[in-house]
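Residue numbers (this note's numbering), protein chains in the order written: chain S, 422 to 709; chain D, 422 to 709.
Simulated from the structure, these hints should not be mistaken for lab results. Possibly wrong hints are sitting among the right ones.
Identical copies go unnamed one by one, so any copy, or any two together, can satisfy a pair.
As the list claims (entries may be wrong) - List of simulated lysine to any residue pairs, SDA-like, C-alpha gap at most 25 Å:
id: 1; residue 1: Lys519; residue 2: Gly495
id: 2; residue 1: Lys519; residue 2: Ala650
id: 3; residue 1: Lys519; residue 2: Arg648
id: 4; residue 1: Lys519; residue 2: Phe497
id: 5; residue 1: Lys519; residue 2: Pro588
id: 6; residue 1: Lys519; residue 2: Arg468
id: 7; residue 1: Lys519; residue 2: His493
id: 8; residue 1: Lys519; residue 2: Glu505
id: 9; residue 1: Lys519; residue 2: Trp498
id: 10; residue 1: Lys519; residue 2: Thr492
id: 11; residue 1: Lys519; residue 2: Thr551
id: 12; residue 1: Lys519; residue 2: Asp469
id: 13; residue 1: Lys519; residue 2: His499
id: 14; residue 1: Lys519; residue 2: Ala550
id: 15; residue 1: Lys519; residue 2: Pro539
id: 16; residue 1: Lys519; residue 2: Thr496
id: 17; residue 1: Lys519; residue 2: Ala500
id: 18; residue 1: Lys519; residue 2: Ser612
Number of protein chains: 2
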Amino acid sequence: MPVLVTGAAGFLGRHVVAALRHRGVDVVGLVRHPSTLACPTVVADLRDARAVAAAMTEVRPSTVLHLAWYTHPGTFWHAEENLEALALTCQLAQAATKAGCTRFVGAGTVAEYRWDTPRLAEDSPREPATLYGWTKKAAYEVLSAFLAPHSAFAWMRYGWMFGPGEPSGKLVSSLGAGLLAGRDVPCSTGSVSRDYLYVEDVADATAAVTLSPVVGGINVGSGVGTRVAHLFDQIEQAVGRGRVLRGALPDDHPPELVLDVGRLSNEVGWTPRWSLEAGIQRTIDVLR
Amino acid sequence: MPVLVTGAAGFLGRHVVAALRHRGVDVVGLVRHPSTLACPTVVADLRDARAVAAAMTEVRPSTVLHLAWYTHPGTFWHAEENLEALALTCQLAQAATKAGCTRFVGAGTVAEYRWDTPRLAEDSPREPATLYGWTKKAAYEVLSAFLAPHSAFAWMRYGWMFGPGEPSGKLVSSLGAGLLAGRDVPCSTGSVSRDYLYVEDVADATAAVTLSPVVGGINVGSGVGTRVAHLFDQIEQAVGRGRVLRGALPDDHPPELVLDVGRLSNEVGWTPRWSLEAGIQRTIDVLR
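Only chain S is shown next, with the shape it has when bound in the complex (with noise of 0.2 Å):
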């Protein structure tokens, strides 16, 4: 039986149906419109109830991983469609299990965590500072509940992720976007360091996730942080023209954050395969 996606014609999503069809999975892609996508589809906006119903029963997936949300760059951390999408979540996991579905996995945050220790466990202490950050415990926690008599549940929660795809106005897109421009860009010193993952690595083991038992909160990263300033020197050198004005912006808060991925590699044996510098230089090829 399949593994239904949704969010599948998303930024993640894309490299997450290639990483599953990858591993000789049978995957079908949830869409709101019809999208050319290297899987089938089925079409159903998710406030639909009556069209994922339908999907459901026509799709019949073991599986449901859910990586549908609101992700508009900038505006997502504080935006009221996260309490669409936290709702829409919960109508998506009571319609899986109507089908018969036995795991559901869905995809959480590092914002989930209090930001007040660099290095974040699945038990750290689960305090958000945003709207997006609540609304995704939230989710993590009522499904967590609700589907404990009916299926599996496991609940990634994602570090920082960059690569082919990602939507302009994210760190690496817009920054390779302007310096290929030959432009200068205004950008912070850099001086905090974070857990940065390229996105076929994130795909993978989301797709290792998806296929393994593990149930629960997973942290799902590099377990490494990475200096953003050394991001910007990547990317300069990747481009190779155009300059980053370090300092032109304000630094983020806190200094240091990078997710504990024990879980990731001792339970489900996964570890990263791309170098930063390999991603950051086929995430500049494929924007020029």
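Go by the hints and put chain D onto chain S.
Only chain D this time, still in chain S's reference frame:
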């Protein structure tokens, strides 16, 4: 500008409407079906976003008091309808802020707390054991984040309540009805203590919190533990026939749960007026 009350035709809601009117407040009930209430009403199903928006535009409430939820006795603890209630609560808060509402007051529950300590204060750990508790907790958390820039937000965590009009299937009404019919009614030993408050007091406290400037989570209860065996005695005495078959059913867990009502008494200045005995007597009189 009026206070708009959802769930106004419910068990607690009808008493709250009376309590608000008793305080001279301009109250409008938001009801699913045309209902005979002691206040003006607007009819809108909370599932119908357009009807809710129209109701908000018509009423222009300064304050929304949101009591509606899925509350079917027995099944509400684990029913999936809790997921929809969470979604509709988020939608209502969005509609309220769009209409210029500056205070939103919601109905939470003692079931949001972790029941591993007998005295539950607002800062006690929140770790529910039921889907009802998880969805109420999620509503509190996501609305706290969503409403912060728009409107004052208070969230009342209710203990146990009883009184005239309570749904059949709840302890006092079902036991009272059984005894009034002259039956012997199988019950637990009644060894556990819970924070019971007569519904007219709960309603008056709700009115007081609604009209106060208090924000955040606030416990609404008696602050006193009542042994369920004492309730049995009082009900038997008020009815005067039939018998409570003590020990025929298992006791609940944990042995004792009492709300710390320091905020309610110190910051809102509210204390109970009804004795438990008088409340039971009144409930039985109305049942009779």
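List of violated hint numbers, smallest to largest: When the structure is compared with the hints, numbers 2, 3, 5, 15 and 18 turn out to be violated.
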